[in-house]
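Trainee: Assemble the whole structure, with the sequences as input and the hints as a guide.
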Amino acid sequence: MSQETREAPVTASPPPAGGRLAGLLRWRPRSTLGRHALLVLAALVAVVLVLELTSPFRNSQFATMSYYAIAAAGLTVLTGLNGQISLGHGALMAVGAYTTGLLLGEEGDGALPLLLVMLIAAAVTALVGAVVGAAAARLHGPYLAGATLALAVAVPGLAIYFDHVFGGEQGLRIDSPEVPGWFDATIYFLFAHETPGAKYLAYLGWGTLLLVLLLLANLMAGRVGRVWRAVRDDEVAAELAGIRLGQVRVLAFVVSAACAGLAGAVLGVVVRLAAPSGFTIVLSLGLLTAVVVGGLGSLAGALLGSALLVFLPPAVTNLGIAAGLDGTQAAQLAPFVYGVVLVLVMLLAPSGFVGVLRKVRARRGSSRRTG
Amino acid sequence: MIGRRRYAALAAGIAVTLVLSACGAGGRPDEGEGGGGAETGVTETSVKVGAHFPLTGVAAPGYSEIPTGTQAYFDFVNAAGGVHGRQIEYIFRDDAYNPTQTSQVVNELVLQDQVFAIMGGLGTPTHSAVVDFLNSEGVPDLFVSSGSLLWDQPQENPMTFGWQPDYEVEGKIIGQYVAENFPDARVGLFLQDDDFGRDGELGARRYLEDQIVGAERYTPGNTDVAPQIAALQAAGADLVIGFNVPSYTALSQLESLQLNYRPQWIYSNVGSDPALVGSLLARFSEGAVTDAGLLEGVITTEYLPGVDQPDNPWTQLFQRVWDEHGGEGELTNFRVYGMAEAYTFVQALQAAGPDPTREGIVEAIEQAGSTWEGPWAAPFRYSPERHAGISGVQVTRITGGTTENLTPVLVTDNGDVPITEGPGEPAQPPADGIPDVPPVS
Amino acid sequence: MQQFLNVTLTGLGQGAIYAAFALALVLIWRSTRIVNFAQGAMGMFTTYLALTVIEGGQSYWVGLVVALVAGLVLGAVIERLVIRPVEGGPELNAVIVTLGLFVALQALAAILFGSTFRSFPAPFDLRGFTVGGVNIAFTANSIYVIVAVVVVMLALVVLFRFTDLGLQMRAAAFSQEVSRLLGVRVGRMLTLGWALAAVVGSLSGLLIAGGSLVFPAYMDAVIVYGFVAAVLGGLDSPGGAVVGGLTIGLLLSYVSGYLGSELVALAALAILVAVLLVRPQGLFAHTAARRV
Numbered sequence: 004m005s006q007e008t009r010e011a012p013v014t015a016s017p018p019p020a021g022g023r024l025a026g027l028l029r030w031r032p033r034s035t036l037g038r039h040a041l042l043v044l045a046a047l048v049a050v051v052l053v054l055e056l057t058s059p060f061r062n063s064q065f066a067t068m069s070y071y072a073i074a075a076a077g078l079t080v081l082t083g084l085n086g087q088i089s090l091g092h093g094a095l096m097a098v099g100a101y102t103t104g105l106l107l108g109e110e111g112d113g114a115l116p117l118l119l120v121m122l123i124a125a126a127v128t129a130l131v132g133a134v135v136g137a138a139a140a141r142l143h144g145p146y147l148a149g150a151t152l153a154l155a156v157a158v159p160g161l162a163i164y165f166d167h168v169f170g171g172e173q174g175l176r177i178d179s180p181e182v183p184g185w186f187d188a189t190i191y192f193l194f195a196h197e198t199p200g201a202k203y204l205a206y207l208g209w210g211t212l213l214l215v216l217l218l219l220a221n222l223m224a225g226r227v228g229r230v231w232r233a234v235r236d237d238e239v240a241a242e243l244a245g246i247r248l249g250q251v252r253v254l255a256f257v258v259s260a261a262c263a264g265l266a267g268a269v270l271g272v273v274v275r276l277a278a279p280s281g282f283t284i285v286l287s288l289g290l291l292t293a294v295v296v297g298g299l300g301s302l303a304g305a306l307l308g309s310a311l312l313v314f315l316p317p318a319v320t321n322l323g324i325a326a327g328l329d330g331t332q333a334a335q336l337a338p339f340v341y342g343v344v345l346v347l348v349m350l351l352a353p354s355g356f357v358g359v360l361r362k363v364r365a366r367r368g369s370s371r372r373t374g
Numbered sequence: 532m533i534g535r536r537r538y539a540a541l542a543a544g545i546a547v548t549l550v551l552s553a554c555g556a557g558g559r560p561d562e563g564e565g566g567g568g569a570e571t572g573v574t575e576t577s578v579k580v581g582a583h584f585p586l587t588g589v590a591a592p593g594y595s596e597i598p599t600g601t602q603a604y605f606d607f608v609n610a611a612g613g614v615h616g617r618q619i620e621y622i623f624r625d626d627a628y629n630p631t632q633t634s635q636v637v638n639e640l641v642l643q644d645q646v647f648a649i650m651g652g653l654g655t656p657t658h659s660a661v662v663d664f665l666n667s668e669g670v671p672d673l674f675v676s677s678g679s680l681l682w683d684q685p686q687e688n689p690m691t692f693g694w695q696p697d698y699e700v701e702g703k704i705i706g707q708y709v710a711e712n713f714p715d716a717r718v719g720l721f722l723q724d725d726d727f728g729r730d731g732e733l734g735a736r737r738y739l740e741d742q743i744v745g746a747e748r749y750t751p752g753n754t755d756v757a758p759q760i761a762a763l764q765a766a767g768a769d770l771v772i773g774f775n776v777p778s779y780t781a782l783s784q785l786e787s788l789q790l791n792y793r794p795q796w797i798y799s800n801v802g803s804d805p806a807l808v809g810s811l812l813a814r815f816s817e818g819a820v821t822d823a824g825l826l827e828g829v830i831t832t833e834y835l836p837g838v839d840q841p842d843n844p845w846t847q848l849f850q851r852v853w854d855e856h857g858g859e860g861e862l863t864n865f866r867v868y869g870m871a872e873a874y875t876f877v878q879a880l881q882a883a884g885p886d887p888t889r890e891g892i893v894e895a896i897e898q899a900g901s902t903w904e905g906p907w908a909a910p911f912r913y914s915p916e917r918h919a920g921i922s923g924v925q926v927t928r929i930t931g932g933t934t935e936n937l938t939p940v941l942v943t944d945n946g947d948v949p950i951t952e953g954p955g956e957p958a959q960p961p962a963d964g965i966p967d968v969p970p971v972s
Numbered sequence: 010m011q012q013f014l015n016v017t018l019t020g021l022g023q024g025a026i027y028a029a030f031a032l033a034l035v036l037i038w039r040s041t042r043i044v045n046f047a048q049g050a051m052g053m054f055t056t057y058l059a060l061t062v063i064e065g066g067q068s069y070w071v072g073l074v075v076a077l078v079a080g081l082v083l084g085a086v087i088e089r090l091v092i093r094p095v096e097g098g099p100e101l102n103a104v105i106v107t108l109g110l111f112v113a114l115q116a117l118a119a120i121l122f123g124s125t126f127r128s129f130p131a132p133f134d135l136r137g138f139t140v141g142g143v144n145i146a147f148t149a150n151s152i153y154v155i156v157a158v159v160v161v162m163l164a165l166v167v168l169f170r171f172t173d174l175g176l177q178m179r180a181a182a183f184s185q186e187v188s189r190l191l192g193v194r195v196g197r198m199l200t201l202g203w204a205l206a207a208v209v210g211s212l213s214g215l216l217i218a219g220g221s222l223v224f225p226a227y228m229d230a231v232i233v234y235g236f237v238a239a240v241l242g243g244l245d246s247p248g249g250a251v252v253g254g255l256t257i258g259l260l261l262s263y264v265s266g267y268l269g270s271e272l273v274a275l276a277a278l279a280i281l282v283a284v285l286l287v288r289p290q291g292l293f294a295h296t297a298a299r300r301v
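Residue numbers (this note's numbering), protein chains in the order written: chain A, 4 to 374; chain E, 532 to 972; chain R, 10 to 301.
Simulated from the structure, these hints should not be mistaken for laboratory data. All values reported here derive from a predicted model rather than from experimental measurement. Glycine included, each C-beta is placed from N, C-alpha and C at the ideal position. This list has only true hints and no planted wrong ones.
Under the rule of at most 25 Å between Cα atoms (straight-line distance), these lysine to any residue pairs were calculated in the SDA-like manner: (1) E/K579 <-> A/G200; (2) A/K362 <-> R/P99; (3) E/K579 <-> E/G669; (4) E/K579 <-> A/S58; (5) A/K362 <-> R/G97; (6) E/K579 <-> E/G891.
Selected chain R positions facing chain A (Cβ under 8 Å, derived; list incomplete): (7) P94; (8) D229; (9) A277.
Mentor: Put into structure tokens, the structure is as follows:
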């Protein structure tokens, strides 16, 4: 006996006999923005709980993860949604970090509030992204990869050449922000905990990350996201439909670069330094690994990939030391694992972790329906 | 938009979460500085010390051996019972001479490993990235393995102390030697492009301003120094003073060979170990270029006994320490450096008394450090107003695989202070090889 | 004048190496339409193998042979195992695979051989010549570098123009379907193409290393410059790769000598962007329009 597949309800109110899950779904807001905002709010609560319950060292690891995730989110939108590969996002993060360094200064006497500085850093990087995007708009595949690779290698050289402004190889020292009084008081009121510098930086990073995720999720779900996907899937058809390819590509680059710039600003404040050695090819390739393994085009994938980027190396290094390698050799085990994982993922599961999850869910969902 | 009922429910949900968490907070013990508890990194039986070194990368040749020397000396002291009954636990991490990595590694040492102090962190560009962090966290930052002037700023960085002769002092002494012995030389400078090179240049220019015809800078990590050497040659420099790490000593020698450029080379102490540079150069041309040959006649400075002076009682002590507790390889001048730093740390720990605290060890060094004796050629300059280390060096020449002294030990200080001869007899090592410094009251 | 001469001669020596590297990239592109971003890492790995052999007491020439043979094997293995599954698929996948190889090989070399800077021998004298009282930065070793590159290129020309195997390889690169119908073992030809390219890449890795310091990342810059050279000459044209390599070597040497070595990477980027915007098919492309 065949079973009719029930139509999913158009409005948010489910049929009355839907069960407990359907009852809960009644609470879902109607608009996409509302839904995403609710998710972000829930995530914020989770973040607060996690940060308060873990040690300062874990907090500093979470702070590191936050800036990788911001950059990875931007990159996954560019590469996954719009199909443009970029190996130069490390260089874009450098632009954000150096801007922050120049504006904040060593003793924090830049006189500009931190949030404003971060916005300016994002804006400046977006500008650079526009230039790069315009040049890259006509390039595809390996040519684009090669050109962005050249960018990643060239930008640190600029910082060294203009060493009077950018501090050369030693870089620019960036003062860590003071914990604001109201923030300290609120956290103490809620949890009776002090807020050491490392924890505040983690809050800063994650707050920025959640905001970026909210904005990107809305962008992806909206008209702009659809246009980007159209350009990625079939250029000719998109052009025939009236989409201006060049503009769309540049816009994607600008958005992605703004994310990278913001990530660079957070990096500068967390690491307290903007130096060429912090923005090597390894960073750009690490970001690429994160988005590929997580799943191209998926924000959750970008988060997952960034978590791997931060928490996998110490685990792998400890494994290496346990297996008998010395400290410095074991430290190289992590990039080795990245490279191998990258190759294996591309060979076996090109859609990344999130893609695999989707397939599994789809298969289970379809088997249930036809069961 | 969200309906009013849903809004109310949402608000209620958040309020409940907050209240729950606040309830939980009441019973938690207050975190923060351990009130009456033990000092971070110190237990009844151990003291934990951390450091960062370039174990990989362009600065690793030579410098990666320093922590092995420190470790050996600490093991030696631990075997004899430690300091005030505590074993010294030494953790050192690789920063690949990259300031960004230094920042991450020191973060780990302070927050994860919870060390009592950082001792001997190496590198000017690298350590300058973490000085602010260490001082703001109140971690003693002792005996930085670098001659930069950054470590002698007791107002801004009260926890940071230098150790070796700083580059300005070395530059002044080299500068005076050149002005007296090579008054007609056209002098070129080969500098690392950071505070290391800048501080050395400062000292050299004080005596040689009129003689300097060119100053070239290199970036560590970029191994192509042909443009710099060619520029020095084009400027007609017949004497070159180099403030660089050992790899770049080898590279500059190699490049000069290519250009048939043969000035009188003077290298800062940190870059001139003949055994290391020789081993780097020896392979380059399969025997056509021999190791001893290229460095013959190079002038440098010294302030510690070297492995080429086996009769020196300190060298004998360090050889004994290395034989008993060392790892792979031979005793080298870099390992001697590490042991000398460790010797000073043991003195500081002894002076800090049976219950060392972070502020206590800093005070101890300020009050008593200038009186401590050891294998170094000139005394420390530690005081409440100065955190500068060894005050002088000796100018030497590399010849026949060993070094010959060109001057006695010369002592000076930063700024206009004149150069004078140092103390006469060097100190003798204690019989058991372990210092015996009374606690500062 | 002396500086100009020195800078030019240095540029020619470097240019020869970039030409070899660009040639390797072009070989792979022509056969499999993939840009092998791992080419430099493969060359670095085989150079470390040679260094191990040389430190074990063998002469430079034994090390050279070991490196070239290892390159042959490495190229063939990589094509067969890793690249074959992504050939013909979306270009993004192939790019990411080669990048993953790049990262993995570099890390593996650091684990096996250590990350410190080590000196690599040069087979000939490193002293510059003195002509009529003027010191030139041209050494016997530089002559060796140029001769080696020329010999390898001539060998490849002979292979492709005058042998049956070369004809089969060109056919397989030109049209896989038709070649299969004509009895060419296309798979084998692709593997051979990668193997030969890896040999050339190994040679360029060795030539750069000679008389200098090696460390796992020492070929990173060469990947970028070699790519720029290949694009300048046209990714389809081996002759263009050679001309592109020499040109890039000279141009970058002038930038390094007169403007400063920090700007070299920026100059390479500028040249690349200029080429891709003005004449994307390169200087010597055969096809009229090239989709970049």
